[in-house]
Structure formats: structure tokens, C-alpha cells
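Engineer: Here is what each chain is made of, one letter per residue.
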Amino acid sequence: MASSREIKRRIRSVKNVAQITRAMEMVAASKMRRAQRNVLAARPYADRMRDLIGELTVRVVGSAKKGSLLEQRSQVRRVGLIIVTPDRGLCGSLIANVVRRAARFILDQRAMGREVDVFTYGKKGRDFILRSGYTLAGEMVKIGDAPKIEDILGVAIEAVKGFESGRYDELYIVYSEYINTLVQRATIKQLAPVEAPTPASGARADFTYEPSQEEVLSEVLPRYVESQIYQAILESIASFYSAQMVAMRNATKSAKDLVKDLTLTFNKARQAAITKEVSEIASGAAALAE
Amino acid sequence: MPMHLEIVTAEKVVLSEEVDQINAPTRDGQIGVLPRHEPLMTILKPGEMTIIKNGERIPFAVSGGFMEVLSNRVIILADTVERADEIDEARAERSRALAEERLKNAQTDRDIAMAEIKLRKEVVRLQVAQMKNIRRQ
Chain E
5 MASSREIKRR IRSVKNVAQI TRAMEMVAAS KMRRAQRNVL AARPYADRMR
55 DLIGELTVRV VGSAKKGSLL EQRSQVRRVG LIIVTPDRGL CGSLIANVVR
105 RAARFILDQR AMGREVDVFT YGKKGRDFIL RSGYTLAGEM VKIGDAPKIE
155 DILGVAIEAV KGFESGRYDE LYIVYSEYIN TLVQRATIKQ LAPVEAPTPA
205 SGARADFTYE PSQEEVLSEV LPRYVESQIY QAILESIASF YSAQMVAMRN
255 ATKSAKDLVK DLTLTFNKAR QAAITKEVSE IASGAAALAE
Chain L
3 MPMHLEIVTA EKVVLSEEVD QINAPTRDGQ IGVLPRHEPL MTILKPGEMT
53 IIKNGERIPF AVSGGFMEVL SNRVIILADT VERADEIDEA RAERSRALAE
103 ERLKNAQTDR DIAMAEIKLR KEVVRLQVAQ MKNIRRQ
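For the record, the sequence lines run as chains E and L. Take any residue in the first sequence, count from 1 to its spot, add 4: that is its number in my numbering. Take any residue in the second sequence, count from 1 to its spot, add 2: that is its number in my numbering.
Hints were generated in silico from the structure; no laboratory data involved. Incorrect hints may have been included.
[What the hints assert, rightly or not] Straight-line Cα separation of at most 16 Å, EDC-like style, residue types lysine to aspartate or glutamate; simulated pairs:
hint: 1; chain 1: L; residue 1: K47; chain 2: E; residue 2: E214
hint: 2; chain 1: L; residue 1: K47; chain 2: E; residue 2: E223
hint: 3; chain 1: E; residue 1: K193; chain 2: E; residue 2: D210
hint: 4; chain 1: E; residue 1: K152; chain 2: L; residue 2: D111
hint: 5; chain 1: E; residue 1: K165; chain 2: L; residue 2: E118
hint: 6; chain 1: E; residue 1: K152; chain 2: L; residue 2: E13
hint: 7; chain 1: L; residue 1: K47; chain 2: E; residue 2: E219
hint: 8; chain 1: L; residue 1: K47; chain 2: L; residue 2: E70
hint: 9; chain 1: E; residue 1: K127; chain 2: E; residue 2: D91
hint: 10; chain 1: E; residue 1: K165; chain 2: L; residue 2: E70
hint: 11; chain 1: E; residue 1: K257; chain 2: E; residue 2: E29
hint: 12; chain 1: L; residue 1: K14; chain 2: E; residue 2: D51
hint: 13; chain 1: E; residue 1: K165; chain 2: L; residue 2: D111
[Claimed, not checked] Simulated coverage check for chain L against chain E, where a stretch passes if three residues somewhere in it have a Cβ under 8 Å from a Cβ of chain E:
hint: 14; segment: 6-12
hint: 15; segment: 24-30
hint: 16; segment: 39-47
hint: 17; segment: 79-85
hint: 18; segment: 112-122
Keep in mind the model is a prediction, meaning the values are calculated, not measured. All C-beta atoms, glycine included, are put in the ideal place defined by N, C-alpha and C.
Please put together the full structure from these sequences, using the hints given.
Structural biologist: Pasting the structure below:
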């Protein structure tokens with residue numbers, strides 16, 4: 005059995021760890037709330053864009069012309085994949101889930117004879133791709149807690165342009181979807197060709213479009229895809245902080261359990277030492293008395 | 003009779019209130035929107051947008067986007083938007099110079115695209131900030 009001094013030292017160090025994880029839990033909780041608010045705040049824009057596309061695609065004849073983000077290519081040779089991960093770890097299985105989903109997607113696409121070009125947001129995804137020996141078509145790290153859309157546009161535009169120019173025949177994004185504090189799901193979504201939603205209302209036939217419906221549509225589409233990428237990044241941030249909060253809460257709990265166990269061991273060791281001493285004294289006294 | 007204006011960016015709903023008139027820079031030129039305007043969907047270009055509310059003019063710098071007019075409801079989907087009186091001119095000038103510098107040094111397509119977006123935005127901000135000063139004199 006370890007000496008009581010050693011056990012005492014371990015108890016102290018485990019208590020320190022618990023303090024740190026507890027602090028991290030609280031920080032993550034407050035950042036999570038802010039990240040959640042950002043996700044919700046970004047929704048009206050994307051919703052309005054989606055409605056608009058729905059209205060326009062019904063109206064514009066031959067809207068899926070070459071190079072448009074609506075164009076369905078008959079043959080898919082190469083696809084673009086955007087992987088969104090956090091920059092940091094300590095968030096449970098979140099990163100592993102996203103990365104596994106991405107890896108499966110890449111293998112599936114290859115099995116169909118398609119090439120995959122990978123873009124990444126976040127350090128963890130990038131590191132995974134580089135470790136696996138793939139090359140990156142584009143990357144961005146240090147995203148921060150509340151990026152503005154213009155901060156993240158670089159990679160997004162590159163991917164969108166890649167589709168418009170015909171280099172990619174389809175575009176996908178894989179990220180951690182924020183469902184609630186306890187549940188985040190690694191999700192894959194098709195970005196392009198854009199699947200035109202059905203319009204919510206048909207009572208808009210009297211609209212005037214300036215300069216023209218085609219032009220409005222061609223301006224809306226890339227912004228829509230970009231806002232979807234932005235939304236995915238915001239969700240990934242919210243997911244990260246929830247996952248971190250939960251992971252840190254579990255770590256704090258484990259640390260406390262460990263302290264309890266160690267304290268018990270310590271007390272047993274102390275008791276054993278006392279018993280031993282008492283019996284030594286007793287046997288010593290008995291020997292003298294003889 | 004006022005109309006309801008909503009300015010929405012990819013980040014959040016920036017403004018949602020009743021206004022009397024909106025002047026916005028569209029791709030086909032500056033237009034003014036009054037209540038009961040015909041339904042319209044148009045593309046905005048970078049420039050100054052003003053809102054008139056209770057006789058007061060509130061200028062904004064907008065870097066592009068869309069404006070949707072339904073008789074008494076207007077939705078502006080802006081790329082970026084900023085109240086003119088919140089723009090610090092000296093800082094805007096510095097940001098513009100920085101953006102220009104970055105565009106010059108940009109190597110990859112992505113860097114160029116990013117720098118262009120930034121520069122366009124900064125130029126508009128500066129212009130709007132300056133316009134505000136001219137009117138004051």
C-alpha cells in the first residue's frame with residue numbers, strides 16, 4: 005500500500021484538477037449560451053433566402069443553367085467536401101464523430117469512382133486530414149467564438165467558385181449539428197447543387213424584379229450557400245461548447261469520486277499505521293513485563 | 003402611415019422598426035420607397051442607405067444585398083450594414099489602407115477574394131462617413 009504521504013499528495017493534485025475542470029465547465033457553459041444565441045440570430049437570414057430561392061426557381065425558366073448553383077450535373081467526377089471542426093479538443097467524442105463521418109463519406113465517394121477535394125474549418129479537422137495524408141484544397145483555423153460571416157468567407161467562396169467553374173460537381177459540408185446541450189450529431193449536408201425548396205406562398209405573382217429575376221437569383225444563390233456554411237460553423241461552435249461543458253462536468257465528477265476513494269484509502273492506511281504502532285507498543289510492553 | 007422595416011444580415015436582425023421612407027442604392031440607381039410601394043425585389047449595391055423616421059434622417063453604410071418591398075413591409079437582406087454615425091472616419095481610413103495593402107500582397111485566389119470583399123466594404127464605409135460630414139457643413 006502507498007504511503008499515507010503519497011496518498012495525500014495525490015488527493016491534493018486530483019482536487020486541483022477538479023478545480024480546473026469545474027472552471028472550464030462554467031466558462032464553456034457561458035460561451036455555449038452565447039453561441040446558441042448566435043445560431044438563432046443567424047436563422048432569419050437563411051430562412052428568408054430559402055423562401056426567396058423557392059419563389060424564384062418556380063418563376064425563372066431554365067434556372068439551372070450551366071454554372072448556376074442549381075445545376076444538376078449528369079456525371080459527378082469530383083466533389084468538394086467542407087469539414088467543420090473546433091480548433092481545440094477537450095470536448096468528448098465530438099471531433100471523433102465529425103472526423104469519422106467525413107472519413108466514411110470520402111471512402112464512399114471514392115468507391116463510386118469520384119475524387120474528393122477537402123476544405124477544412126478548424127484546426128482539428130485540418131490536422132486529421134493532413135495526418136491521413138490527404139491534401140487540402142483550402143483551410144481556415146482560429147475561427148473564434150463568434151465569427152462574422154466575412155471572416156469565414158474565404159474558404160466558402162473558394163468552394164462555391166469551384167462548383168460554379170465546374171471543378172466540383174457537388175459540394176457537401178460535414179459538421180456537428182447542435183440539437184441540444186446533451187446531443188450533437190455529426191451531420192452531412194449537400195450544399196450544391198442547391199435543392200430548391202417549394203415556395204411557402206404562391207401569392208407573389210405581382211412582384212417586380214430589378215434588374216431581372218435571373219439576376220436576382222444568380223445573386224441570391226451564392227449568398228445562400230455561404231450563409232449555410234456560416235450557419236454550420238455557428239452550430240459547430242455551439243456544439244463544441246456544449247460538448248466541452250458536459251465533458252468537463254463528467255471530469256469534475258470523476259475527480260470528486262477519485263478524491264473520495266483516495267480519502268478512504270488514506271484513512272485506511274492511517275488506521276493501519278496506528279493499529280500497527282499500538283500493537284507494537286503493546287507487544288513491547290508485554291515483552292518487558294515478562 | 004408608416005411601414006415596417008427589417009434589416010437582416012447573415013449574423014442577426016439588425017433593425018426592426020416602423021419608418022416613413024427608405025432611400026436605398028440599387029443596382030439600377032438610388033430609389034426611394036414610401037409606404038404602399040408596389041411589391042419589388044431588387045439588388046442593392048454598396049452605398050449609402052437612409053431611413054427617414056419622424057422627420058429624422060438616419061444614414062447607413064450598406065455593402066450590398068437585397069431589398070424586398072411588400073406594400074407595408076420592407077425586408078433588407080444586407081451583406082453588411084452599419085449606422086453611419088457609428089463609423090469612425092479615421093479608423094475607417096486605416097482599415098481601408100490595410101485592406102488595400104492586403105489585396106496587394108494577396109497570393110492565392112482565396113486571399114484575393116477575401117481582400118476584395120474587405121476593401122469594397124471599407125471604401126463604402128469611408129464614403130458614407132464622409133458624406134455625413136459634407137451634409138453637416
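Engineer: Now tell me, hint by hint, if it's right for this structure.
Structural biologist: A quick look at each hint next to the structure:
1. K47/L with E214/E: holds, 12 Å
2. K47/L with E223/E: holds, 11 Å
3. K193/E with D210/E: violated, 34 Å
4. K152/E with D111/L: Violated: K152/E and D111/L sit about 20 Å apart, past 16 Å.
5. K165/E with E118/L: holds, 15 Å
6. K152/E with E13/L: holds, 7 Å
7. K47/L with E219/E: holds, 13 Å
8. K47/L with E70/L: holds, 14 Å
9. K127/E with D91/E: holds, 4 Å
10. K165/E with E70/L: Status violated; Cα separation ~26 Å.
11. K257/E with E29/E: Holds, because 11 Å separates the two Cα atoms, which is no more than 16 Å.
12. K14/L with D51/E: Distance ~12 Å between K14/L and D51/E Cα, so the pair holds.
13. K165/E with D111/L: holds, 10 Å
14. 6-12: holds (count 3)
15. 24-30: With 3 residues in contact (Cβ-Cβ under 8 Å with chain E), the coverage given for the segment 24-30 of chain L holds.
16. 39-47: holds (count 6)
17. 79-85: It holds: at least three residues are needed, and the segment 79-85 of chain L offers 3 whose Cβ sits within less than 8 Å of chain E.
18. 112-122: n = 6 at 8 Å, threshold three: holds.
Taken one by one, the earlier hints fail for this structure at numbers 3, 4, 10, listed in ascending order.
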